[in-house]
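Read top to bottom, the protein sequences are chains A and B.
Quick note on the numbering used here: the first sequence kicks off at 1 and runs consecutively.
Quick note on the numbering used here: the second sequence kicks off at 1 and runs consecutively.
Simulated from the structure, these hints should not be mistaken for laboratory data.
Since this is a predicted model, take the numbers as computed values, not measurements.
Hints may contain errors.
[What the hints assert, rightly or not] FRET-style restraints, in silico, Cβ to Cβ:
#	chain 1	residue 1	chain 2	residue 2	range
1	B	Lys119	A	Glu271	53 to 59 angstroms
2	B	Ala395	A	Val84	40 to 46 angstroms
3	A	Ala33	B	Val18	44 to 50 angstroms
4	B	Ala303	A	Ser160	53 to 59 angstroms
5	A	Gly356	B	Gly123	44 to 50 angstroms
6	A	Glu115	B	Asn242	50 to 56 angstroms
7	A	Val84	B	Glu65	42 to 48 angstroms
Note that the Cβ used here is the ideal one computed from N, Cα and C, for glycine as well.
Number of protein chains: 2
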Amino acid sequence: MKIKSQDYNKLVLLDNAVSQERVERLRAAMQDAGMAALLVTDNANKYFLTGRVFTGQVYVPLSGEVIYFIRRPLKLEGDGVVYVHKPEQIAETLGLNMPQSLGLELDITAYSTVERLKKVFSGAEIKNASPLLRQVRAVKDDAALELLRMSGKKQVYVYSRIPRLYKEGMSDIELQIEIERASRLEGCLGQFRISGDSMELYMGNVLAGDNSDNPSPYDFAMGGAGMDPSLPVGADGTLIKNGMTVMVDMNGDYTGYMTDMTRIYCVGPVENLPGQVRKAHECSIRIHRELVKMLVPGTEAKALWQRAEEIAREEGLHEYFMGHRQKAGFLGHGVGIEINELPVIAPRSRDIIAAGNTVALEPKFVIPGAGAVGIESTYFVHPDHVENLTPAPEAIIPFD
Amino acid sequence: MKIKSQDYNKLVLLDNAVSQERVERLRAAMQDAGMAALLVTDNANKYFLTGRVFTGQVYVPLSGEVIYFIRRPLKLEGDGVVYVHKPEQIAETLGLNMPQSLGLELDITAYSTVERLKKVFSGAEIKNASPLLRQVRAVKDDAALELLRMSGKKQVYVYSRIPRLYKEGMSDIELQIEIERASRLEGCLGQFRISGDSMELYMGNVLAGDNSDNPSPYDFAMGGAGMDPSLPVGADGTLIKNGMTVMVDMNGDYTGYMTDMTRIYCVGPVENLPGQVRKAHECSIRIHRELVKMLVPGTEAKALWQRAEEIAREEGLHEYFMGHRQKAGFLGHGVGIEINELPVIAPRSRDIIAAGNTVALEPKFVIPGAGAVGIESTYFVHPDHVENLTPAPEAIIPFD
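Pulled out of the complex, with its shape left as it was, chain A reads as follows (with noise of 0.2 angstroms):
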């Protein structure tokens, strides 16, 4: 998806049709939500509405043309672009047509920056568009499915060839620099988006024997201590060892659409795993069959949480289930341009399932003295089945 030379110059890179349709779906839920106007300010919405990222705000009024205010890069064509050094000139341009009310991205945006905003829409009530995005964008249509889709292959293929990164004494951090040296010459972009800047990771976790167990400063299924007290999480450094697990959970952004996909590997046959690691993991498998089930348009997302839960308890493995030191929130949540789209599986979800939506399901176990277990893989919603995005092998996977 490399921008063409021709295309250099375009602003809008998404084939009109997909443009318009989501403008249109985004003015829906404007006027739903008694939004005159909105004005988006942060890289992923951007990236949604037009296919590319530039410095800049994209103005989107109920009715009449989307107007693009941008700063940089230089020289960008397309109708509605305007070139602007700061938000003031937002006003110049609109002159007498200012909106009596204004969504913005007051989740994620920063407080001058929307405190500057206001003075610039002086005479606009200020509303919170970010949980009107998160919606629009929870539901993914045909350009984006054929992006996840193109992702969730290479991320499969990559996962294949994991066996035969490892090499015999290599600890977890080596591995998974042998495993981002493949991702990246498969054209993983690397970039990991997710909303909101206080969670930090870099290019995913590997996570071997009891250092799953490490708690993280995130609400991430799995933790890990990390290389560094600066960036405490994921793989420490653990030498890989007969009898241990390793958790494979890394970055699938290839296209600007990322699918999420985990799989668990161990030194030397299955067999010689402690019982109860085959058996959580049996357990994960079980609960992705029925969860798929459960993945249909109208069902409660905590229904999905609950049901899981449940088979954690009817087999006895309550104790381990997303975590065992520290136990995470979710057991899934929507995928797409970021890692942490909606809808979230978590029990006090009030997310309702819908077609388009795209989903990661994680349900995994943490056993003290073996490590991590579980798969992840995401899942498109179509209004009459599931498709499953990251197929690959769902048992442990032996180096050898």
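Given chain A, put chain B in place with the hints provided.
Frame of chain A, contents of chain B only:
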């Protein structure tokens, strides 16, 4: 700098004296700004104060005990640690000791988060603590210098290996991936912290030939089209050929404190490059020599920009200085926990060079038809001399 297992549960990983001195410098600035208390929520600022990252806030009153409101990870221990699930619980802990005025990081904290905290501290006047924290962090202490030196040393070593990583027929991105791997194996954390969340970049830039003249969405010294419109910056798949330059400007975060360094490489003898390319590279080195003399406490940062521009004009290279089709608005920047710290070396900067500043200078040129030239090095400003944290050969380096 791995967290040692005996320190795993310790909240403050900095030496006590270091931590206290940082808090005292912050308090002196708060006093000047009339701020009765400060609530720190940003990861970079929390790392500055404690030496680790966690989810939660650091509450610094002008006098009295510092309180650490922590949500994750579990089980951290230390004076002043209070576990909370939500910011509203902060009020319960503070009780009657609510401050009259409160500093918040308004330039980076989301609007919704600030509004929520305003309700928690309902009586307090809210002030912007972002400028103050940037000022305090711009002056590095000995503990920070030690980490900066270690990052610089490792970055210099990795750059020395780059000629051996190049193989004939490689594209820019293939070379970048090998440099990423070599950096990671040497301990590079990968995390590239940028204040504000609108600038995105993965592990740095390798720019070959004319790709360096492709405008980027950001105020980066050099551009690049990137591999995908969702991340339109950096390497774009250009095949590395005779007669073009290859600029390497990769992530130098090995310790939580990063250095910033650029060197230029080429295929075949340097003499084969056009004369103007070699002249512009020499000019960059000359600018470094002259600007380092000006890195003296008390100098206006903008004077460095002016002097550099003057030299570029003198040598008839102004058209290519700091970019050609799109120019960067700065030629140097503070660096530390984040890549864009103070002081900023730019035409309208109001910063004054101070002892303890760590400044990356990057006078660069883009020569159409050949590529980018010029070096970047990171300097530490001592009271009476300047220390180059990334000392390495400055000339253009042939791959063979």
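Q.
Check the structure against each numbered hint from earlier and tell me which ones fail, lowest number first.
A. Every hint satisfied by this model.
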